[in-house]
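Asks: Chains as they are written, first to last, in this note's numbering: chain B, 1 to 346; chain E, 1001 to 1346; chain G, 2001 to 2346.
Calculated from the structure, these hints are not laboratory results.
The structure presented is a predicted model; accordingly, all values stated were derived computationally and were not measured.
Errors might be hidden in some of the hints.
[Unchecked claim] Stretch by stretch, here's where chain B covers chain E in the computed footprint (C-beta under 8 Å, at least three residues):
1. 1057-1068
2. 1078-1092
3. 1210-1218
4. 1257-1268
[What the hints assert, rightly or not] Simulated crosslink set (EDC-like; lysine to aspartate or glutamate; CA at most 16 Å straight-line):
5. Lys1308/E / Asp1298/E
6. Lys62/B / Asp19/B
7. Lys2093/G / Asp1124/E
8. Lys2344/G / Glu1343/E
9. Lys2335/G / Glu1331/E
10. Lys308/B / Asp323/B
11. Lys1163/E / Glu1100/E
12. Lys2093/G / Asp2149/G
13. Lys1335/E / Asp2296/G
14. Lys2308/G / Asp2323/G
15. Lys335/B / Glu2331/G
16. Lys339/B / Asp2279/G
17. Lys1142/E / Asp1125/E
18. Lys322/B / Asp2323/G
19. Lys1335/E / Glu336/B
20. Lys11/B / Glu31/B
21. Lys1062/E / Glu1050/E
22. Lys1340/E / Asp2345/G
23. Lys1340/E / Glu2343/G
24. Lys2163/G / Asp2149/G
25. Lys1112/E / Asp1166/E
26. Lys332/B / Glu1331/E
27. Lys2332/G / Glu338/B
28. Lys1062/E / Asp1088/E
29. Lys332/B / Glu2331/G
30. Lys112/B / Asp149/B
31. Lys163/B / Asp219/B
32. Lys322/B / Asp1323/E
33. Lys1332/E / Glu2331/G
34. Lys93/B / Glu2331/G
35. Lys163/B / Asp149/B
36. Lys2297/G / Asp2279/G
37. Lys142/B / Asp1088/E
38. Lys1344/E / Glu2338/G
Using N, Cα and C, we set each Cβ at its ideal position, and we do this for glycine too.
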Amino acid sequence: MRYTLAEIAAKIGGEVVGDENFVVTGINSLEAAQSCELSFAEEKFLKPAEGSKAGALLVPRKIETLQQHLIICSQPFQAAGLIMAEIDATAQKVTHSIAETAAIGSNVILGKNLHIGAGAVISDDAVIGNNCRIYANTYIGKKVTIGADTCIYPGVVIREGCKIGDRVIIHPNSVIGSDGFGFLQLGGRNVKIPQIGQVIIEDDVEIGALCTINRAALDETIVGRGTKLDDHVHLGHGVNIGHHVIMCAQVGLAGGVRVGNQVLLGPRAGSADHLSIGDRARLMGGTLAAKNLDGDKDYGGVPAIPAKQAIRQMMAATHLPKDRSRLATLEKRVKELEKKLSEKDN
Amino acid sequence: MRYTLAEIAAKIGGEVVGDENFVVTGINSLEAAQSCELSFAEEKFLKPAEGSKAGALLVPRKIETLQQHLIICSQPFQAAGLIMAEIDATAQKVTHSIAETAAIGSNVILGKNLHIGAGAVISDDAVIGNNCRIYANTYIGKKVTIGADTCIYPGVVIREGCKIGDRVIIHPNSVIGSDGFGFLQLGGRNVKIPQIGQVIIEDDVEIGALCTINRAALDETIVGRGTKLDDHVHLGHGVNIGHHVIMCAQVGLAGGVRVGNQVLLGPRAGSADHLSIGDRARLMGGTLAAKNLDGDKDYGGVPAIPAKQAIRQMMAATHLPKDRSRLATLEKRVKELEKKLSEKDN
Amino acid sequence: MRYTLAEIAAKIGGEVVGDENFVVTGINSLEAAQSCELSFAEEKFLKPAEGSKAGALLVPRKIETLQQHLIICSQPFQAAGLIMAEIDATAQKVTHSIAETAAIGSNVILGKNLHIGAGAVISDDAVIGNNCRIYANTYIGKKVTIGADTCIYPGVVIREGCKIGDRVIIHPNSVIGSDGFGFLQLGGRNVKIPQIGQVIIEDDVEIGALCTINRAALDETIVGRGTKLDDHVHLGHGVNIGHHVIMCAQVGLAGGVRVGNQVLLGPRAGSADHLSIGDRARLMGGTLAAKNLDGDKDYGGVPAIPAKQAIRQMMAATHLPKDRSRLATLEKRVKELEKKLSEKDN
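Excised from the complex, chain B in its bound form (with noise of 0.2 Å):
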């Protein structure tokens, strides 16, 4: 990246104070930025602003006590975003070509402008939209349908028949469609009930790295759009994710949990099977429905309960040790008032 202050202004919509042909090579946090690079500050942050070596920055309004060149912008922070998008994109632009190595099955139809990586699998019958990137090493099952602009990252795997929407990004090394986890007990062995399902992916899902979401028994599996995990998610079979939901890393949903619109999942949450849980409800870090949970509150603790209550009840329990001794010394306590009693009745 190289441009000058001019040039950013003119792509964001802002306005210089300063030098206008300032050249910055980057964009960085106000801690860690050189004198070369780009910062930004909304305006909660205009103050630490003033100590970052940052050589310009970009601001909400022009401030007399900051020494290093500005741009004046209405949203600093969506500004850099669109910055760092730009950054992003230079940085994994790839060719539309299909590898030499990859390997295309029967009866595949191909979209335009695609980039399909080394060594990469797209099984028979499977479609693929415009403008997608399937990177190296990954696996695209039979039938399975992708849509427009969507990313795949290397070492992937969606198994057969399931269905990818558009602007979808799925990282490294994720599974979509293994098979759910079910058996029958006949006679104490575990007999295997196939899992002959799919699962859906809806348009602008994002799925991070090393996640499983398992297809289901009979019907489908769905993440719905806009919807977005971390890594490490495990999703089971059976389980519909609504819209724009949330889910931090290593999130763990059993069979056939319904998850509602615009829910948070905090970090290593989780739920028993076949529950539901309302739209917008908000699952602290750790938190384990054990029943359906409404919509529009928040949880916490193992079972969840409301979260103001689960941390009310995590605090009283940091008091438990010494409770127990306030607990045996008063029943000494009433034992001696008891005996006391008793002698002055007799």
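Based on these hints, arrange chains E and G on the given structure of chain B.
Replies: Frame of chain B; chains E and G shown alone:
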């Protein structure tokens, strides 16, 4: 899939009540089935079956109130399983062939009727049994032996010397035989203890996606026959698992743990190192074994205690904030009593 | 392996007591060793060594009661480690060659004595140091640099721009440099914050199988030299780990966490985002840091408190159901006392 009810009845040994020539194109749950699909209902689901849109039903006996075409069979769920298995086999049918881009080492012994996918690597001196499916982009290390009828899904890595039995299924991107986690602390540094043991996966084991089963430092990590692991399970070095064990998602067992036969480990259950868990023990989700656990019992909690006790403890904990107030109130009342009694004495 | 005791004594600087020409074909634990194998016993294991079937033993001094051939050496366990390392090196020996099916990009700088396995992808402008083993089906992104003597196991994905040091080991299917989890909530939707930082893995780091180390949003995620990660560890974006840290399996650290030197994180320990954990702090398994933690202390619990206190609290909690009854009984007794005293007053 496209079968008449007569054909299905013949496959599963059932009897058609209704139109023998009615054609079904799939099998699905009571809730999701369409009029062209078959569904199934055990005795206790006959009532909900009345509302199903399924065109035909597998049921245990003739029911007048059901409008659908019926196939009467003694075990509807198991009969459905047979049909699901057939659909699954069709969906996953592979050619018996070795891809040109597969890399087969020297001195490899290959069985009959193999599928070896694109980019699969079979290292020197490996042995692959008959009818195995070794999917694309897998890595089979040196001297690995794999039994007959085993399925290794894409991206699986099996390191050198591991032994995999017959009819084993390993789901995508799992890692078998990577180094156990062993270090000597010497002068503030961590010196690696080489891990030269192996992993033995016995017959009929199923291993979920993204599992890690570490090689032992010296001898063997063993997963006993018929045992089933869900996704994201971690088994440390030298772990020894019995027969027909069930481990749910995100279970983690530290090094040297011994697990008996037919044990059930719920989601995220775990164990500290070198403990033993007896036959048919059942650990609720999230349970952590911190000492040896007897067999034929249910456990819960961190650390693990008998399940009923763990549930009672969990319930009691929800009263903690209120109980702390009760305790404080009692202290005041007792103090008051003591004061009054002392006044009487004087 | 096939050595005489004289040869082994020469390797490790020990002295044979017994038959110098006795041949051993492997090394194993005291319990598992066969008569053709070598085992080893530190001072405190000399008693159990008497019952071992091992044909020969590495021991710290001459013991009359041991029937086996002995090799006397000052540090038996470390001597065993040397022999194990040699066996390990033999088992993992690879050719110095670049597979024909490896895809090497343009402008790549390759060191000497490399092993690059089948299907490995080395992207444009990458730099690979001398003596590296880059196993099959790995993905090395653009501009990645890898130091000397580093081992990248099969299926590992390292995204663009990451820097890997000397003598680093990354176990199979781990993912380095995938996007950190950062979104802006705008109008009920999650807008991706591009992640344009990098990951730096310093010298002598070992990373287990199926780990994720996310690239920073802007600057760097750092894993300091000598640090060792077990399997399934997740490090969020911008995490900064010190030197010689140990992280057990399934640890998860949210974004921006700083961990000092020689810290120990037990299995499934974790931290909320942007906290700092001091040098030589030790977190028991399952501990969750919810505020900054001082160094040189042991911690346990959720949220983290001093370990002794956490254990006392855990123990106290097991008495909760009984203590609730005691509390209720006390309340009755106090009420009775109050009643009696009140009757006396009247």
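Asks: Each hint needs a verdict: does it hold in this structure or not?
Replies: Hints, one by one, checked against the model:
no. : hint                  : verdict
1   : 1057-1068             : violated (count 0)
2   : 1078-1092             : holds (count 8)
3   : 1210-1218             : violated (count 1)
4   : 1257-1268             : holds (count 3)
5   : Lys1308/E / Asp1298/E : holds (8 Å)
6   : Lys62/B / Asp19/B     : holds (14 Å)
7   : Lys2093/G / Asp1124/E : holds (11 Å)
8   : Lys2344/G / Glu1343/E : holds (13 Å)
9   : Lys2335/G / Glu1331/E : holds (12 Å)
10  : Lys308/B / Asp323/B   : violated (21 Å)
11  : Lys1163/E / Glu1100/E : violated (26 Å)
12  : Lys2093/G / Asp2149/G : holds (13 Å)
13  : Lys1335/E / Asp2296/G : violated (42 Å)
14  : Lys2308/G / Asp2323/G : violated (21 Å)
15  : Lys335/B / Glu2331/G  : holds (12 Å)
16  : Lys339/B / Asp2279/G  : violated (55 Å)
17  : Lys1142/E / Asp1125/E : holds (6 Å)
18  : Lys322/B / Asp2323/G  : holds (13 Å)
19  : Lys1335/E / Glu336/B  : holds (12 Å)
20  : Lys11/B / Glu31/B     : violated (24 Å)
21  : Lys1062/E / Glu1050/E : holds (13 Å)
22  : Lys1340/E / Asp2345/G : holds (10 Å)
23  : Lys1340/E / Glu2343/G : holds (13 Å)
24  : Lys2163/G / Asp2149/G : holds (14 Å)
25  : Lys1112/E / Asp1166/E : holds (14 Å)
26  : Lys332/B / Glu1331/E  : holds (12 Å)
27  : Lys2332/G / Glu338/B  : holds (12 Å)
28  : Lys1062/E / Asp1088/E : violated (29 Å)
29  : Lys332/B / Glu2331/G  : holds (13 Å)
30  : Lys112/B / Asp149/B   : holds (10 Å)
31  : Lys163/B / Asp219/B   : holds (13 Å)
32  : Lys322/B / Asp1323/E  : holds (13 Å)
33  : Lys1332/E / Glu2331/G : holds (12 Å)
34  : Lys93/B / Glu2331/G   : violated (73 Å)
35  : Lys163/B / Asp149/B   : holds (14 Å)
36  : Lys2297/G / Asp2279/G : holds (9 Å)
37  : Lys142/B / Asp1088/E  : holds (13 Å)
38  : Lys1344/E / Glu2338/G : holds (14 Å)
Hint check: violations occur at hints 1, 3, 10, 11, 13, 14, 16, 20, 28 and 34; the rest are consistent with the structure.
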